[in-house]
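Asks: Can you build the whole structure from these sequences, using the hints too?
There are 2 protein chains.
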Amino acid sequence: MTKNPRRVRRARAQLDLTPLDESRKRFFSALEEVGFFTQAPSEELDVREALGRVTAAPIKARRPVPHFRSSAMDGIAVPSSQTQKARPDHPVRLRPDEDFIYVDTGDPVPEPFDAVIMIEQVEELDDGVVEISHAIDSNANVRPVGEDFSLGALVVERGQRMTPEGITACLNAGILRLPIRKKMRALYIPTGSEIVSPDEEPALGEYPESNSQLFKGYLTSWGAEVAIAPIIKDLPDMIRKEVECGLTTSDLVAIAGGTSKGREDFTAEIVDELGRVLVHGVAYHPGHPILLGLVHGKPVIGLPGYPVAAWLGLRQFVRPLIERYLGLTASRPSTLWGRLAEEIRSQPGTRLFVRVRLEETSEGYLIHPLRGGASRLSSLLQADGLLVVDEASESLRAGSPVTVELLRSPFSSNSFASHNP
Amino acid sequence: MTKNPRRVRRARAQLDLTPLDESRKRFFSALEEVGFFTQAPSEELDVREALGRVTAAPIKARRPVPHFRSSAMDGIAVPSSQTQKARPDHPVRLRPDEDFIYVDTGDPVPEPFDAVIMIEQVEELDDGVVEISHAIDSNANVRPVGEDFSLGALVVERGQRMTPEGITACLNAGILRLPIRKKMRALYIPTGSEIVSPDEEPALGEYPESNSQLFKGYLTSWGAEVAIAPIIKDLPDMIRKEVECGLTTSDLVAIAGGTSKGREDFTAEIVDELGRVLVHGVAYHPGHPILLGLVHGKPVIGLPGYPVAAWLGLRQFVRPLIERYLGLTASRPSTLWGRLAEEIRSQPGTRLFVRVRLEETSEGYLIHPLRGGASRLSSLLQADGLLVVDEASESLRAGSPVTVELLRSPFSSNSFASHNP
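Going down the list, the sequences are from chains A and B.
One rule links them: number in my numbering = place in the first sequence (from 1) + 1.
One rule links them: number in my numbering = place in the second sequence (from 1) + 1.
Be careful, since some hints might not be right.
Identical copies look the same in the list; a pair holds intra-copy or inter-copy alike.
Claimed, not checked - Below, simulated SDA-like cross-link-like pairs (lysine to any residue); rule was C-alpha separation at most 20 Å, straight line: (1) Lys262 / Gly107; (2) Lys299 / Phe38; (3) Lys61 / Trp338; (4) Lys234 / Asp105; (5) Lys262 / Leu126; (6) Lys26 / Glu392; (7) Lys262 / Gln122; (8) Lys242 / His297; (9) Lys262 / Glu125; (10) Lys299 / Leu205; (11) Lys262 / Glu121; (12) Lys299 / Arg325; (13) Lys61 / Leu152; (14) Lys234 / Val130; (15) Lys262 / Val123; (16) Lys61 / Gln383; (17) Lys242 / Gly175; (18) Lys86 / Glu265; (19) Lys262 / Asp105; (20) Lys242 / Leu387.
Source of the hints: derived by calculation from the structure; they are not laboratory data.
Replies: This is the structure in structure tokens:
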């Protein structure tokens with residue numbers, strides 16, 4: 002028999018799959034070894050420009066809040082010692098300015114005054130003199146200096162995203178500029194002769210380039226600055242040049258497409274030439290043809306072309322990558338508990354990620370697996386959550402109790418009440 | 002006794018509090034009556050610029066996805082009828098181009114081919130002829146046209162925020178531009194003679210203007226475009242002018258400060274002169290001195306000066322206002338269930354909002370109320386959730402089962418696993 006190119010291809014058609022946990026470990030260990038995370042840079046920003054950004058150091062109060070002793074209500078400020086003999090049957094008279102001053106909420110309470118009597122408990126007589134009928138303790142109705150934040154107190158921890166509350170607190174505590182982790186710069190390279198601009202009408206066999214929008218939307222929300230390269234046809238030299246060029250200005254390069262082992266799948270070859278392929282093929286579904294590599298001390302990721310597969314790859318590898326790069330306390334997923342509406346079959350040795358829809362019933366949540374493979378974008382639009390079937394399981398029966406990770410995207414208005422027993 | 006200005010003030014010092022539900026109803030009914038929500042405008046945007054924005058109409062597929070019949074795997078496309086007699090002991094031979102063509106995943110499957118046999122099940126002989134040992138059904142391993150979205154199918158509903166998935170789906174379905182609700186334009190006017198720029202060092206009795214950052218951060222994330230006016234001292238004429246001027250270019254004006262009934266609390270007076278005060282004082286804690294008004298057919302809100310009070314006012318009134326303005330399906334809060342760590346006392350007739358910290362224990366969540374009044378910004382930074390004690394309750398005992406609304410801000414990385422029974 003003559004040598005057939007298809008034969009050659011068929012012999013290469015199997016990826017040697019690495020378990021998910023091992024894949025992540027290998028990827029992050031290699032990045033740690035080259036100091037990728039420790040070298041991540043910071044910048045100084047005006048606190049009012051830092052919303053959503055991650056602090057690079059503990060942020061401490063440069064001024065106590067409040068910075069002076071103030072009244073907690075409308076009333077009169079008094080020296081508490083002057084009030085000690087006051088009783089309803091034996092009121093005490095106080096002279097203005099000498100024995101008391103009027104204060105509104107937030108006004109200073111200067112020495113020798115040390116307590117505030119609320120205005121409702123003050124009887125006003127002629128000539129500005131007032132009468133009080135109760136003794137008051139020192140510091141009563143007074144906000145001490147530093148009640149909210151003392152001088153030097155921690156306002157925002159290192160590795161936290163700045164919230165509106167955090168910014169407001171900083172301004173109160175005299176913090177105008179603060180050290181912030183620089184965003185990760187990520188480049189997305191769409192590849193494939195069948196990929197065309199979404200602005201064109203795709204012909205038979207052509208697909209509009211669109212996964213870059215998944216990449217851009219999510220990475221931006223996680224803390225990256227995203228650039229999208231022009232579409233590159235299946236020309237390994239051009240892809241190689243774009244990767245090399247991209248790595249000079251980016252911290253992460255993603256090559257979209259070409260991650261299987263077909264004739265036109267050049268991604269592994271290119272990464273292997275330029276640096277190291279750490280993982281090619283992950284034992285999970287959907288989306289196993291993913292590639293994790295290291296080139297010039299930076300991560301290069303090959304993303305599969307199917308949108309659900311690309312999406313899962315971003316969640317599993319890129320999100321934790323960005324969080325570590327930014328020094329962010331890793332996010333804990335929001336989960337809820339429910340019962341499976343129908344059986345799920347899984348392949349042992351593979352971790353299965355099932356997109357699910359939630360139905361709220363009087364007996365808690367019913368979890369409906371969504372149909373369709375990695376190509377079905379509609380399943381992502383419908384999904385409320387993600388159910389994980391681990392490598393050891395073969396199937397989950399209908400009615401099984403399961404925990405679902407909620408997919409509340411920061412863009413979406415949907416959120417779900419958890420199961421309240 | 003001579004007339005004392007303090008007496009006058011004291012007589013005015015009580016706000017007539019309106020229950021929270023009634024306040025909201027009055028506010029939204031008045032806005033509905035003047036057509037504030039129905040007149041909210043839309044614009045047409047490039048779908049790639051629409052992340053997080055709200056759709057103004059149902060978005061339907063202008064092209065089926067996929068738009069041609071394609072192979073779901075690598076293999077050969079065949080007319081299924083040609084395979085019906087194939088058995089392991091009686092293989093069928095197929096000639097290239099006439100009886101089959103090679104296809105990769107995603108390639109078109111043209112007539113008369115109607116099924117794909119995976120490459121692993123194809124025996125390749127000399128001269129390009131192949132042998133197959135199994136019959137195959139019509140449509141097997143083929144993605145039909147419109148499998149993901151059929152022509153005209155709903156891709157994104159009206160009143161939804163655009164997600165990365167939604168944008169990607171639109172590009173695939175030939176949707177390049179789409180109708181989007183315009184952002185609400187909101188103006189924040191900081192008032193008060195004691196308020197100074199945060200760039201200055203505040204003197205005794207002065208406070209840095211900072212609540213505008215709470216307003217800006219949250220409103221921006223909810224879907225508004227925020228402008229912040231310069232600080233205005235307690236000069237009612239200047240505040241009035243700023244409100245009138247602001248209403249010509251804004252859909253919402255917030256006056257910060259001056260919402261109590263002190264001598265320098267002009268907000269109610271100004272709103273009453275320009276339009277209608279709907280509610281002045283809400284029966285909730287913390288933050289009852291809030292003002293809801295209607296001027297020139299638009300909402301004007303008076304926000305209290307204490308940060309926690311301002312924050313609660315934004316959540317209770319401004320967030321639902323923006324959601325309705327944008328025609329957004331209202332967000333359902335994420336809640337979790339736990340047990341109260343210590344007693345909470347509440348004043349009957351007032352709805353109490355308690356900031357809480359969560360502690361995860363082996364027996365579920367323990368809910369710790371945070372101490373401190375409306376002035377304590379630090380309590381907002383520490384809070385994981387909000388616990389509501391309704392108007393009828395006087396106290397909640399330690400150990401009571403309670404439901405907590407989670408305060409996961411879109412900026413924050415914190416999120417909590419729910420209680421899994």
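Asks: Would you pick out the hints that fail for this structure and give their numbers low to high?
Replies: 3, 5, 10, 14, 17, 18 and 20
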